[in-house]
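These protein sequence lines are chains A and B, in that order. Under the working numbering, the first residue of the first sequence is numbered 1, with each subsequent residue one higher. Under the working numbering, the first residue of the second sequence is numbered 1, with each subsequent residue one higher.
FYI, nobody ran anything at the bench for these hints, they're computed from the structure. Don't take every hint at face value.
What the hints assert, rightly or not - Cβ pair distances, simulated, as ranges: (1) B/Y515 <-> A/D208: 48 to 54 Å; (2) B/V289 <-> A/H100: 46 to 52 Å; (3) A/H100 <-> B/F294: 42 to 48 Å; (4) A/I210 <-> B/N321: 49 to 55 Å; (5) A/R106 <-> B/V289: 54 to 60 Å; (6) B/A306 <-> A/R106: 43 to 49 Å; (7) A/H265 <-> B/R517: 44 to 50 Å; (8) A/R148 <-> B/T405: 19 to 25 Å; (9) A/R267 <-> B/L314: 51 to 57 Å; (10) B/L448 <-> A/K146: 54 to 60 Å.
This one's a predicted model, so the numbers in the text were calculated from it and none came from an experiment. For glycine and all other residues, C-beta sits at the position ideal for the given N, C-alpha and C.
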Amino acid sequence: MSIDGRLPQRQLSQASLGSRRGAVMAFSEADTCLDIQGLSLAYAGKPALKDLTLRIPRHRVTAFIGPSGCGKSTLLRALNRLHDLNEDVSRRGSIYLDGHDIHDSRVAVSELRRRVGMVFQAPNPFPMSIYDNVAFGLRLQGGLSKRRIDDVVEWALKSAALWEEVKGRLRASAWSLSGGQQQRLVIARTLAVEPEVLLLDEPASALDPISTLKIEELIRTLKPHLTLVLVTHNMQQAARVSDYTAFLHNGELVEYGPTDTLFTHPRLRRTENYITGRMVG
Amino acid sequence: MKIPGHTAVGSKTLRRPHEGPWAWLAAASVALSVLMLGALIVLLSVKGLANFWPSTLHEVILDDGDTVIGVPFEQRTLPGGEGVERRYWIANRDDGGGIWRWLSVPRLASDQTPDDLVVLERRHWGTFFGRLVAVRLEGERLTGEAAWLAMEQRLKELDALRQARQQLTRDDILPLIRRMEREPSSSETQHRLDDRQLQALQARAKELRRLQQGGVLVLENSQGQRQEQPLEEVLDAWRPNAMAWYEKLGHWGGELWQFLSEGPRDANTAGGVWPAIFGTILMVLLMSVLVTPFGVLAAVYLNEVAHQGRLTRLVRIGVRNLAGVPSIVYGVFGLGVFVYGIGGSIDRWFFDSSLPSPTFGTGGLLWASLTLALLTLPVVIVATEEGLSRIPLHQREGALALGATRFETLTRVVLPMAMPAMLTGLILAVARAAGEVAPLMLVGVAKLAPQVPVDGEFPFLHLERKFMHLGYHIYDAAFHSSDVQAAMPLVYATALLLVVVILVLNLTAIFMRHYLRKRHGAPVRR
Chain A
1 MSIDGRLPQR QLSQASLGSR RGAVMAFSEA DTCLDIQGLS LAYAGKPALK DLTLRIPRHR
61 VTAFIGPSGC GKSTLLRALN RLHDLNEDVS RRGSIYLDGH DIHDSRVAVS ELRRRVGMVF
121 QAPNPFPMSI YDNVAFGLRL QGGLSKRRID DVVEWALKSA ALWEEVKGRL RASAWSLSGG
181 QQQRLVIART LAVEPEVLLL DEPASALDPI STLKIEELIR TLKPHLTLVL VTHNMQQAAR
241 VSDYTAFLHN GELVEYGPTD TLFTHPRLRR TENYITGRMV G
Chain B
1 MKIPGHTAVG SKTLRRPHEG PWAWLAAASV ALSVLMLGAL IVLLSVKGLA NFWPSTLHEV
61 ILDDGDTVIG VPFEQRTLPG GEGVERRYWI ANRDDGGGIW RWLSVPRLAS DQTPDDLVVL
121 ERRHWGTFFG RLVAVRLEGE RLTGEAAWLA MEQRLKELDA LRQARQQLTR DDILPLIRRM
181 EREPSSSETQ HRLDDRQLQA LQARAKELRR LQQGGVLVLE NSQGQRQEQP LEEVLDAWRP
241 NAMAWYEKLG HWGGELWQFL SEGPRDANTA GGVWPAIFGT ILMVLLMSVL VTPFGVLAAV
301 YLNEVAHQGR LTRLVRIGVR NLAGVPSIVY GVFGLGVFVY GIGGSIDRWF FDSSLPSPTF
361 GTGGLLWASL TLALLTLPVV IVATEEGLSR IPLHQREGAL ALGATRFETL TRVVLPMAMP
421 AMLTGLILAV ARAAGEVAPL MLVGVAKLAP QVPVDGEFPF LHLERKFMHL GYHIYDAAFH
481 SSDVQAAMPL VYATALLLVV VILVLNLTAI FMRHYLRKRH GAPVRR
């Protein structure tokens, strides 16, 4: 996703949404953005992910669903190596981003995290002004002119559908915004560093229904430009916004496929039980 | 708000009988604390500030004809009901006796407050109570009201001369002498030049001193005995009984200002405390500058960098326990390590020429500040660590997810957010350091150091000099002065001042914290 002259609104019309229905994992090797190969993860010796293998398609929304503690958030955090901070975590297997192993010693973790942005469950704007929040990632890169930063901040806020609400008070504290606005600000902040992948960890679970709708709309708007990975508790949400859905249970990948297929014709009884609410999460 | 038809359900007060005692007990302890605090401030204010008020002079004649001029101080009933005694401050130490006198109240034949009674504040022998008979000035002898006016005029002149001379000494003579001492090996011509300049300056000082001389007061004490008083020894004179209330108020303000702005006199029992105020504030500021970076860095290491294992826990417990070590222990450490160890080495390396008289190898401002920084280090570390650990994980993760390194996360998100906690630590440190006296006695405080450690001479801030401190001044005046009773009002005033200074220092830090909190937004409650 790039900012130069390509605002999301313009590209939305070009997005081809029609081909989704027929796709039974019908994306090629070249369309794979993230390739997870035999990934196992353990917290302090306790296994959290067990030998997962799945491919996440480029410029699509992939949802991870499953009961609490199934490992879906753990998997998400593995994708931008946030687990590196925890000394108790051990890992086996590999993750490839555009064919490159993200655990390669030549990969700078900070660069990886810039390319694979993340939005958390609770909105976490920094205690600074709205403008400074969005400019935070840009300033880390350094060497950008004041005007360039201004442009990118405006573009990012527009992309996150927040510009109209905050354009008059960019210098106000980010903490003065409502929860929904804060979450969109966090998305704008992440978009400002032009990531290729956006990880969303239950981004709407702390928000009211209207804010949730706005976030979902935003996800749809961003899809043509970004690979999105969404963790959610909300089955309807997964059905509404995602193209592919992976169902995880007890750290295992139970079923993975196009969202329509998974929700209408689940192959396994376990999946069906979960999505129809018979399995208590 | 009352709504018609509704009855109140909830109540904050405890109503049922068995709940009462706990509430009362809690309320009583709060009330007691507030009362004691209030009593302390009121006592200090009343006793301290009343000292500067020009109190009425009484002329008392006893039944045997003995006359006493003085200020009544306190009254007590003798044991066994044998009458009442009143204590008068009669001043006039040069009359041979003490400055206090107990008089039996029933023996007082008359008690008057004549307008012509005079109070003189003198450089030697303290205060004088009595009457002004005449002034001899430049061959003239003036009596009556003319004498008073001439004396007031001359006192103003003397004050100006005294200040001019002080300024000359402080700004010209002392710096020159210090420079000559520091550079004894400079060239012969330079040396001669300096010598000549010094002689010229000293001649000018002598001239100023000569101009102050001349002028004699003829005074009469309560017994009617005459005595002569050189006018240049008199610092101030007033007739309290003849003053209107607004004149008294003006006099009170003037005295208070002198107390705040001048150096001490008479072995610290009179005069002002300016060098002590300055020394206290400067030392606390220096300590803050020293302790903050150390404390913050240590807390960052313990909380952010170190592996959270047994060793880190042990270090943390150790740091917390250091806060409880008696301050005199730090004083001994400072004396041994800073003054003798480091200071002695500095002297050997850099000030070899002035040995054996020590430069840094003796107590001084730097070593006192360092010792206090060490003393308050645990407080800053603990407060900062608490602030750091309170910062939610998702704030750090937010920064990391944007591609910030751990260092960038620390400097751009974590530390700014922990700033209020650091300032809280600093506030606690200042509160503790400003009131410490015991360690300072070992590492640099002086009974008398009228020169403040900042002046116009390079390097402007003289870290090696000894300094005065309000806390030590209180101790010295209360226990080491020749007349503890006489010094008591000054002790109260100084104690009040110390409390005010600490309050001001703390308020500054609190306002800074408030400002930072506002700048970084109000904390979100989740």
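Structure-based check of each hint:
Look at B/Y515 against A/D208: about 34 Å separates their beta carbons, and that is not inside 48 to 54 Å. For B/V289 paired with A/H100, a C-beta distance near 49 Å keeps the hint of 46 to 52 Å intact. Between A/H100 and B/F294 the CB atoms are about 44 Å apart, so this pair conforms to the stated range of 42 to 48 Å. Checking the proposed 49 to 55 Å range against A/I210 and B/N321 shows it holds: the Cβ atoms sit about 54 Å from each other.
Look at A/R106 against B/V289: about 44 Å separates their beta carbons, and that is not inside 54 to 60 Å. Under the hint 43 to 49 Å, the C-beta atoms of B/A306 and A/R106, about 28 Å apart, miss the expected range. Range check, A/H265 to B/R517: about 56 Å between beta-carbon atoms, so the 44 to 50 Å window is missed. At about 22 Å, the CB distance of A/R148 to B/T405 agrees with the hint of 19 to 25 Å.
Separated by about 56 Å at the C-beta atoms, A/R267 and B/L314 satisfy the suggested range of 51 to 57 Å. For B/L448 and A/K146, the hinted distance range of 54 to 60 Å is satisfied, since their beta carbons lie about 58 Å from each other.
Checked against the numbered hints given earlier, the structure breaks hints 1, 5, 6, 7 and satisfies all the rest.
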